[in-house]
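Asker: So you can see what is in the structure, the chains are spelled out below.
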Amino acid sequence: MKTRVSILVILAMVTFGIAPVKAQDHPVKFHLDYNFSFPVGSMTSGFISNTSSRGFLGSVTYDLTPHWTIGGQFGFQDYYQKYPRRVYNTDKTQQISAVMSNSLQTIPVMARVEYQPLLSSQSRVLPYVSLATGINLVSYNQYLGVFSNQQQSTLNFRAQAGLGARMSLGKTGKWGIEAGGSYVVSPYNKFGVKDLNNLNAHAGTYLRLQ
Amino acid sequence: MKTKMSLLAIAIAMLLITGCGKDPVANLTDEESRIYITDHDSSANFSDFHTFYVSDSVAVLENGKSKMQLTEAGQAYIDAVKQAMIRNGYTAVNKDQHPDIGITVNRIISTTTGVISGPSYWDMYGSYWDPYFWGYPGYGYYLPYNYAVYSIREGAVSLDMIDLKNAPESGELKVIWTGLIRGSNIYNPVVADSQVKALFDQSPYIKSL
Chain D
1 MKTRVSILVI LAMVTFGIAP VKAQDHPVKF HLDYNFSFPV GSMTSGFISN TSSRGFLGSV
61 TYDLTPHWTI GGQFGFQDYY QKYPRRVYNT DKTQQISAVM SNSLQTIPVM ARVEYQPLLS
121 SQSRVLPYVS LATGINLVSY NQYLGVFSNQ QQSTLNFRAQ AGLGARMSLG KTGKWGIEAG
181 GSYVVSPYNK FGVKDLNNLN AHAGTYLRLQ
Chain B
1 MKTKMSLLAI AIAMLLITGC GKDPVANLTD EESRIYITDH DSSANFSDFH TFYVSDSVAV
61 LENGKSKMQL TEAGQAYIDA VKQAMIRNGY TAVNKDQHPD IGITVNRIIS TTTGVISGPS
121 YWDMYGSYWD PYFWGYPGYG YYLPYNYAVY SIREGAVSLD MIDLKNAPES GELKVIWTGL
181 IRGSNIYNPV VADSQVKALF DQSPYIKSL
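Respectively, the protein sequence lines represent chains D and B. Going by the numbering used here, the first residue of the first sequence is number 1, and it counts up by one from there. Going by the numbering used here, the first residue of the second sequence is number 1, and it counts up by one from there.
Worth flagging that the hints you see were computed from the coordinates, not collected in a lab. The structure presented is a predicted model; accordingly, all values stated were derived computationally and were not measured. Just so you know, even glycine gets a beta-carbon here, dropped at the ideal spot from N, CA and C. A hint or two may mislead.
Taking beta-carbon pairs under 7 Å as the criterion, some of the chain B residues facing chain D (in silico) [stated by the list, open to error]:
#1 Ser-33
#2 Tyr-36
#3 Thr-91
These stretches of chain D come out as covered by chain B in the derived footprint (C-beta under 8 Å, 3 or more residues) [to be verified]:
#4 37-50
#5 106-119
#6 128-136
When you get a sec, could you build the whole thing from the sequences and use the hints?
Answerer: Right, dumping it as structure tokens:
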């Protein structure tokens, strides 16, 4: 596996050329990543435990120093799970038999700070750790058969800790690729679900804007 | 330029991949689309009833108006209800043989308000099924439980079970059980039996001794 990654890195370097990144000249970066999300914790108890492959992350960051970066992050993730038909007791005397589907979308907007232990002069692959906090716009819809049963949009707190690495590419070093993971904490307290915590894996690209 | 084009392509690809999220109901089959709702009078002892009669036509309810109709699908529903009742130990009799239970079959195409609720269904029930039909002119229908409000824009089939045995004593036509089927392709003779069976399966208390 390590060999394959090394070969990919060398191929990328040969293809796009090696050029030093002058981060101090271009401190603003735009990032766009494809995101996988793996629900964990309370969310998986009869609500949604399916992995979501329908998501993205975007962020605009500013390099304060060669080691520290701040910025704003936004994103979108769509979760869905269908449960087989069963009979639900909705009242003392009322029963509903239905296939139930839970659909949940999250749109996080967060402030982000990042620490990069290595300098670009030391390595082409730069690992980082990050922290972010902000709000999470959560839209939930439950369906019985094709009929919407419950619907609610809420604003919730969200925080995340992550780590990853990025590598500059291109002759000018103005863009590159990145990949990482994060753990998200997001309290919810609706419909018997205490939180929407999840693990994420993302990969994408960045571009230095100025 | 090449870099910008690459980034633009990646951005467009991501938007296409994520889209607007998965449509939760787009991939449901007809069977998965259907829901079956039943409610009943908790004070009714269904084993006290022994005979029943199912209406020989279907009330078609549309925007506050009704008409009686008998199509192939309607007949299939009537037959399916008869079979379900017989399986549960009841005896089918003619209307003039004083059945203990009367059952109506109704097709709801749409309502003026788009919902089926007390005002839009039960308050007009006497115009769909004149109490005279059961031999009790002047009586009123009584629903001893809360009938939930459902949006009906796509059509539904309902079955209602009326206590005729105790009507002379109580002076009213008490609705002791209701069943409602909603979803895709339900008013179809091929599926009538399975739809009625689903309602009875989730109502195991409907048993005659």
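Asker: All the hints need checking, so say for each whether the structure fits it.
Answerer: Taking the hints in turn, this is what the structure says about them:
no.	hint	result
1	Ser-33	holds (4 Å)
2	Tyr-36	holds (4 Å)
3	Thr-91	violated (26 Å)
4	37-50	violated (count 0)
5	106-119	violated (count 0)
6	128-136	violated (count 0)
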